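The opening residue of the sequence shown carries number 1 in full-length UniProt numbering; numbering runs sequentially from there.
These are calculated hints, taken from the structure and not from any lab test. Since we're looking at a predicted model, the values are computed, not measured. Hints may contain errors.
As the list claims (entries may be wrong) - Taking lysine-lysine and the BS3-like style, the derived pairs with C-alpha atoms no more than 30 angstroms apart in a straight line are:
1) 116 / 349
2) 117 / 341
3) 207 / 42
4) 341 / 92
5) 207 / 230
6) 174 / 85
7) 207 / 174
8) 116 / 348
9) 143 / 116
10) 341 / 174
11) 349 / 117
12) 92 / 143
As the list claims (entries may be wrong) - Derived CB-CB ranges, DEER-like:
13) 140 / 115: 23 to 29 angstroms
14) 249 / 118: 23 to 29 angstroms
15) 227 / 94: 30 to 36 angstroms
16) 46 / 334: 38 to 44 angstroms
17) 139 / 346: 35 to 41 angstroms
18) 174 / 236: 25 to 31 angstroms
19) 115 / 148: 43 to 49 angstroms
20) 113 / 342: 34 to 40 angstroms
Built from N, CA and C at the ideal position, the CB exists for glycine as well.
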Amino acid sequence: MAIPAQPASARLSKTLGALLGVHAGDSLGATLEFDSWREIKKNFPNGLRDIIGGGTFGWPAGHATDDTDLTRAVLLAYHDRANHKLLKNPDKEFDIARAAADWSLDWYDGNWPGRKKGQPPRDIGGATRVGLLNYSDLRDPRKCGAGHGSAGNGSLMRCIPTGLFTHDRVDRIKESKEISAITHNDNRCVVSCAAYNEIVAALLDGKTAQAAVGIGIEVALEEDHHAVAKAIERGRTMSISRIVSDGPSDELPDMTSGYVLQSLTVAISALLDPRSLEDVLVDVIRIGGDTDTNGAISGGLLGARDGLEAIPDRWLGTLQFRAEFEELARDILDLESSPSKILSVSYKKRHGLS
Numbered sequence: 001m002a003i004p005a006q007p008a009s010a011r012l013s014k015t016l017g018a019l020l021g022v023h024a025g026d027s028l029g030a031t032l033e034f035d036s037w038r039e040i041k042k043n044f045p046n047g048l049r050d051i052i053g054g055g056t057f058g059w060p061a062g063h064a065t066d067d068t069d070l071t072r073a074v075l076l077a078y079h080d081r082a083n084h085k086l087l088k089n090p091d092k093e094f095d096i097a098r099a100a101a102d103w104s105l106d107w108y109d110g111n112w113p114g115r116k117k118g119q120p121p122r123d124i125g126g127a128t129r130v131g132l133l134n135y136s137d138l139r140d141p142r143k144c145g146a147g148h149g150s151a152g153n154g155s156l157m158r159c160i161p162t163g164l165f166t167h168d169r170v171d172r173i174k175e176s177k178e179i180s181a182i183t184h185n186d187n188r189c190v191v192s193c194a195a196y197n198e199i200v201a202a203l204l205d206g207k208t209a210q211a212a213v214g215i216g217i218e219v220a221l222e223e224d225h226h227a228v229a230k231a232i233e234r235g236r237t238m239s240i241s242r243i244v245s246d247g248p249s250d251e252l253p254d255m256t257s258g259y260v261l262q263s264l265t266v267a268i269s270a271l272l273d274p275r276s277l278e279d280v281l282v283d284v285i286r287i288g289g290d291t292d293t294n295g296a297i298s299g300g301l302l303g304a305r306d307g308l309e310a311i312p313d314r315w316l317g318t319l320q321f322r323a324e325f326e327e328l329a330r331d332i333l334d335l336e337s338s339p340s341k342i343l344s345v346s347y348k349k350r351h352g353l354s
């Protein structure tokens, strides 16, 4: 399907804003991961406003945690797909879920920038580990999920490339669910990813934040998942500013849990907050708990809403994968708009093509 009508510069800005919003939210939040709201209020009374690294895992400033790394894995899969279409007589249809699983397994195995083969990730969620180990054995991305009952936010944090680069609604929902299910096949996770990516796609098409959220609720109800719809609806009424002021309440009883529906609620509330991307994302981190992942998920929506220009330059300058994310996104959009183009240099290098 052709890319929906939207000024090229605006669509590119929102696409880059979404990807780098994930990265910036992840890297900002990494410093305070697992810290409570009270600890953050004491140590950073005005919030953490700069990407400084450190935290539980001792991250270098701007370094990707598993949130951005696995977003990169999915992004590389979409870049591979865009190039695959240019191959003469490709031997078989491109399987986006398999490609995402393969890149994710490379990350797990240490075949990754800044790592050595066999070196485990510094940080990895339980369902992600189980799913990737299952995939290593089964080699079937549709049979390797961690199982129902594992409803963490580990697939929601990485899902945004589907919302950016699949332009048919039916395909987008299908791919969102299949890529989630590589590791997180609980329906709360797969439907959250589908709804989130419909919100992303709506924002790229120029819809308002309120209208985009309404589309997300529609998807959740179409998928007959009222708990996901309720989580999105809760985000409409929740105030990030109030939580920062008064602390998490019954709305968010355990922000350290990494529960997918809580992270989705926070991201929706962030998207509907009219303040600047910087101010909202700083406050998302101030809530505490799973700060890097909540920052990543919220940052993706805020970047899709406000565009690349809304991300502070001082944040962008630290991000480990900024240049690569920009290159990959531009390549994909260029290849989609001009299918007669030649294979991307980075694609040929990754796949050993001359």
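- Item | Unmet hints by their number, sorted upward, for this structure | Those not satisfied are hints 2, 3, 14, 17, 19, 20.
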